[in-house]
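Protein sequences appear in the order of chains R and Z. If you count by numbering that gives the first Met the number 0, then the first sequence holds residues 0 to 308, one letter each, in order. If you count by numbering that gives the first Met the number 0, then the second sequence holds residues 0 to 308, one letter each, in order.
Bear in mind the hints are in silico, worked out from the structure with no lab data behind them. For clarity, every value in this text was computed on a predicted model and none was experimentally measured. Do not rely on the hints blindly, as some may be mistaken.
One copy or any two copies: either way a pair holds, since identical chains are not told apart in the list.
Dumping the calculated SDA-like pairs for lysine to any residue here, alpha-carbon to alpha-carbon at most 25 Å [what the hints assert, rightly or not]:
(1) K97 x T12
(2) K61 x D225
(3) K288 x G177
(4) K285 x E91
(5) K35 x K209
(6) K28 x M0
Take a look at the letters that make up each chain.
Number of protein chains: 2
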Amino acid sequence: MAKYVFGVDIGGTTVKMGFLDIQGNLIDKWEIPTRKENGGENILPDVARSIEEKLTKENIDKAEVAGIGVGVPGPVDGAGVVHRAVNLGWGEFNVSEKLTSLTGIKSMAGNDANVAALGEMWKGGGQGYKNMVMVTLGTGVGGGIIIDGKMLAGSTGAGGEIGHIHIDDDETRTCGCGNKGCLEQYASATGISYLATVHKKSWSGATVLKDDLSAKAVFDGVKAGDALCKEIAEDFGEKLGKGLAVIASVVNPEAFVIGGGVSKAGEVLMGYIRPSFEKYVFHGAKGAKLLLATLGNDAGMYGAAKLVL
Amino acid sequence: MAKYVFGVDIGGTTVKMGFLDIQGNLIDKWEIPTRKENGGENILPDVARSIEEKLTKENIDKAEVAGIGVGVPGPVDGAGVVHRAVNLGWGEFNVSEKLTSLTGIKSMAGNDANVAALGEMWKGGGQGYKNMVMVTLGTGVGGGIIIDGKMLAGSTGAGGEIGHIHIDDDETRTCGCGNKGCLEQYASATGISYLATVHKKSWSGATVLKDDLSAKAVFDGVKAGDALCKEIAEDFGEKLGKGLAVIASVVNPEAFVIGGGVSKAGEVLMGYIRPSFEKYVFHGAKGAKLLLATLGNDAGMYGAAKLVL
Chain R
0 MAKYVFGVDI
10 GGTTVKMGFL
20 DIQGNLIDKW
30 EIPTRKENGG
40 ENILPDVARS
50 IEEKLTKENI
60 DKAEVAGIGV
70 GVPGPVDGAG
80 VVHRAVNLGW
90 GEFNVSEKLT
100 SLTGIKSMAG
110 NDANVAALGE
120 MWKGGGQGYK
130 NMVMVTLGTG
140 VGGGIIIDGK
150 MLAGSTGAGG
160 EIGHIHIDDD
170 ETRTCGCGNK
180 GCLEQYASAT
190 GISYLATVHK
200 KSWSGATVLK
210 DDLSAKAVFD
220 GVKAGDALCK
230 EIAEDFGEKL
240 GKGLAVIASV
250 VNPEAFVIGG
260 GVSKAGEVLM
270 GYIRPSFEKY
280 VFHGAKGAKL
290 LLATLGNDAG
300 MYGAAKLVL
Chain Z
0 MAKYVFGVDI
10 GGTTVKMGFL
20 DIQGNLIDKW
30 EIPTRKENGG
40 ENILPDVARS
50 IEEKLTKENI
60 DKAEVAGIGV
70 GVPGPVDGAG
80 VVHRAVNLGW
90 GEFNVSEKLT
100 SLTGIKSMAG
110 NDANVAALGE
120 MWKGGGQGYK
130 NMVMVTLGTG
140 VGGGIIIDGK
150 MLAGSTGAGG
160 EIGHIHIDDD
170 ETRTCGCGNK
180 GCLEQYASAT
190 GISYLATVHK
200 KSWSGATVLK
210 DDLSAKAVFD
220 GVKAGDALCK
230 EIAEDFGEKL
240 GKGLAVIASV
250 VNPEAFVIGG
260 GVSKAGEVLM
270 GYIRPSFEKY
280 VFHGAKGAKL
290 LLATLGNDAG
300 MYGAAKLVL
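With the hints as extra help, turn the sequences into a complete structure.
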């Protein structure tokens, strides 16, 4: 009987490895470097070797392992085929099949943001919800959608790419994706710094906001009662709430789980997002909860493990 | 062995009844009136009686019937619970359970737009696609989302309510839902008439467009090469393409299937929708096809049958 599972979260610098029991209790976690040279050809063999070493060390038979789940920083479709992961040097191939053949253990791959959503549903801020959307506010804006407890991969692995929904017709700056007016341009850490720059320019009153226009500085200012910081947060909340409202009208989730670096600001965020969300959302989808993620950088590891169970 | 299935599409005036084999071949279809008095208490008993009569007449045993699928004009969650269907006078109850107990035959209910999407996937314009979005351009704009061959009902039955995604910040008119700037305000038959009014006001050149500002008149004008009608169609396409782009970034479908009265204009529509879709969509979701629905008013009947199979 299978008792264990591996959750693997492949990043551009390191691979996070998790060894869990099938109830989702973390037994051990460690990291190995991501070797990107030669089109990233060593990455999966390195993962396989690290798993073999762990099993040998713990004296565990492969028959006791339910599987290996893998999160990949790029589009991965429902069959486990990655469609280019530029950060790893990967082109198109079936990650699930490759890792299965390397290890002899059933393996399944998904996009890292989608897998993180699964992790938050299983063991994090989204526990108890089977229909939820994870929103990761980091350098960019990532997303993962869970429908009836399962990841929505999308037909070409681009499901949940909510950072690139169009939010603002008047934008002149170009987003990293090539479009203009994407949610990511306002709601990411970078986006919040941009909003801070814009609002600070036309601000004549006193403010605690000096040279540091980071998202952290803005929300620290909000907590200190700074009027400029509140104005910036309102603009951020207006844009993000509008985006979440659109998503809610499409997939009608029970909850949004907000994670990523920006979410470290905590509950104060919700006070800025909710009014805009309620203004724009279709009444039938209004009940969605706004929750904070709780697993931080471990969400992908947990979610990858859940993916294969 | 079950050989047959019933597909029932409940509308505000009539109930469309379909009797099919489990391969989806239509054997017979008919209509019964929708009796809305007393909170619509007679509707399901009428459906049950009509089915019993059919089985008696055809001398078919209930054991030969795989089930009864029902499309309802209101939000229906994954368990078959309707959350108010104002057009029928219904409050909240479990439609699937109720019809099962009335007939002794397994029954399943879904929202009518979602069920129509399933119908187009099974036997209509979306055949061959397991991840698709049906867009119904009628008096309003409805939608149905299919993920991995299954209907996305949403946590409170509001999945696929794409007519109410926010599209335009500058709108001053209020949508039927209470919000401002919903997709439905521009892309429905009513919305197109509104756009026609606006563009005609500032038009000084010649035009075939006289008093009739219906969606049909506009697209007839487009086909006749009328410059004003083309301008109206461009505005319509800009708004609808933007909406579909947002949906594509969220659920990443293989195809959109366009149905409803407006879709009778035919392939000419796509030439106006596609440029805007490609301008706004995330590159990873760009490949989605734009197709025409083919089942017309029978989509709901087919989809309801498919729902229970």
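Here's how the hints hold up against the structure:
{"no.": "1", "hint": "K97 x T12", "verdict": "within (21 Å within a copy, 56 Å between copies)"}
{"no.": "2", "hint": "K61 x D225", "verdict": "neither (57 Å within a copy, 71 Å between copies)"}
{"no.": "3", "hint": "K288 x G177", "verdict": "between (32 Å within a copy, 21 Å between copies)"}
{"no.": "4", "hint": "K285 x E91", "verdict": "between (39 Å within a copy, 17 Å between copies)"}
{"no.": "5", "hint": "K35 x K209", "verdict": "neither (39 Å within a copy, 65 Å between copies)"}
{"no.": "6", "hint": "K28 x M0", "verdict": "within (23 Å within a copy, 52 Å between copies)"}
Figure legend: structure checked against the earlier numbered hints; hints not met, in rising order: 2, 5.
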